[in-house]
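Chemist: Each chain, written out:
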Amino acid sequence: MDLNVIQIILVLVVAFLAGVEGILDEFHFHQPIIACTLIGLVTGQLVPCLILGGTLQLIALGWANIGAAVAPDAALASVASAIILVLSGQGEAGVASSIAIAVPLAIAGLLLTIFVRTIATGIVHIMDGAAKEGNFRKIELWQWIAICLQGLRIAIPAGLILMVDAGPVRTALEGMPVWLTDGLAIGGGMVVAVGYAMVINMMATKEVWPFFAIGFVLATISDITLMGLGAIGLSLALIYIALSKMGGSGTGGSNTGDPVGDIIDNY
Amino acid sequence: MAQEIRLSKKDRIAIWWRSTFIQGSWNYERMQNGGWVYAMIPAIKKLYKTEEDRKAALQRHLEFFNTHPYIASPILGVTLALEEERANGAPVDDVAIQGVKVGMMGPLAGIGDPVFWFTLKPILGALAASLALTGNILGPIIYFVFWNLLRMGFMWYTQEFGYKAGSKITEDLSGGILQDVTKGASILGMFILGSLVNRWVSITFTPIVSSVKLSEGAFIDWANLPAGTEGIKTAFEQFAAGLALSDTKITTLQDNLDSLIPGLAPLLLTLLCMWLLKKKVSPIVIILGLFAIGVVFHLIGIM
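Chains A and B, in that order, give the protein sequences. Reading the first sequence from the start, the letters are residues 1 to 267 in the working numbering. Reading the second sequence from the start, the letters are residues 1001 to 1303 in the working numbering.
Source of the hints: derived by calculation from the structure; they are not laboratory data.
The following residues of chain A were derived to be distant from chain B, with all beta-carbon distances above 12 Å: (1) Asp2; (2) Leu3; (3) Gln7; (4) Ile9; (5) Leu10; (6) Val13; (7) Leu87; (8) Ser88; (9) Gly89; (10) Gly94; (11) Ala100; (12) Leu160; (13) Met163; (14) Val164; (15) Pro168.
To spell it out: a stretch of chain B is covered by chain A in this simulated footprint if at least three of its residues, at any positions, have a beta carbon under 8 Å from a beta carbon of chain A; those stretches are: (16) 1031-1042; (17) 1048-1057; (18) 1123-1129; (19) 1143-1149; (20) 1194-1202; (21) 1289-1299.
Each residue gets a CB set at the ideal place from its N, CA and C atoms; glycine is no exception.
Please model the complete structure; the sequences and the hints are all you need to start from.
Modeler: Next comes the structure, spelled out in structure tokens:
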């Protein structure tokens, strides 16, 4: 089925929004049930796309960005599979085959978002420079550039699919080597350490290192949730502060740094 | 102090709206830092008038930050209160502000992930999807409206709550409480960082160190189980009794490391990163290097 110019532009707008939301995770335009429905709405194939969205949504129920880990990308999966469904012109009959294509697309989208998040590292360095100049507008501008890059991450592949048709897309996706995707995922698990290292470098003093050790050891007990760890950490902090105050007031004015000596003197 | 500068409700609404974009420049180095400073800009403009103060404020809010995007709101609220006190002359230093942020982000993300990602989203998603599957357009509409109402309401009220609670923390300007908060926050921060390094940095070494043939009776003898459900029951009973699943016990390098110190590799990696950063190696170089290592080590079968 052919789309006219206005429909193509609207599809690209939806794709852009889905890409932006893929990182923001706020309005949820990237959720299949929203993204597919919107593409169906602008191309006049509402019902098949709505059903595709519902089906994909059930598959993607548990996909979430936790910590620094990145979930399979619902944005590219829903936008691209909806476009392929519309182009195929099969209506509701094409839903199943579109879903088969959506899952590898979710992995491809994951690689693209890792790529853009790495570019964003360069962007925050530009922000550092702007902060040194006290330039508010420059920081705001680059924040929006970063957001737009995430939008283009989906809009460009969507445009490509609109141009080349569904067949070649499928071939290209199947050609992506597993060692590359797996290897990048392993690397993604490690790069988190860089961020932690930066904070530790800033906060660490001799006084607080033991608490790092305690936290590290307790985290190996997987029964304790992060909330539980938070409660333990908070309690430790309160105890430490309370104890250090007691030590200060107990010896009073005659503190010579030698408690036994103080007792003898007072005696 | 001639006149106290306060953030108006209008400022706080602007910050609330901007915090929607907190993940916009999410990056592998300092994660949500760009979005965080973007959200803080209205406050910085209002509270600090001199060029020096503004530059310093922008720089301290570009430090590492990462939590659940909605949970950032209460932390923003507390930070706003702290900044307000600082602008009015209270001795709140950079470490205190960073400590409060880091100390709150880990445990609070621990609330956000299960509540929003594993409870609300699947429930709402499943409800909407089941409507959509029957071709009912109400599915996506219900999802969109409810999700955003809940999200926006949660973000506004928790930001306000944090702001009010934060003001109370800093009300005592004698400095005693503030010092305690600073020290407590860095203790909590380091504690949480210790556990995050263990939990969130993932390295798994796959090489097989040993593979030992187990003696008869130490593993489940699949071939001689009773037929049907009875066999499944027997298998589960034997498994619960500690019998192995196959006749060879495979020990990987990771198993060996785990029996020594679980999380040793993430810890060493973090210490290595700290050392490299102190040596002024660019974080981008480290990040790209780690991706390259991931691919290469996977290819030669180490990870």
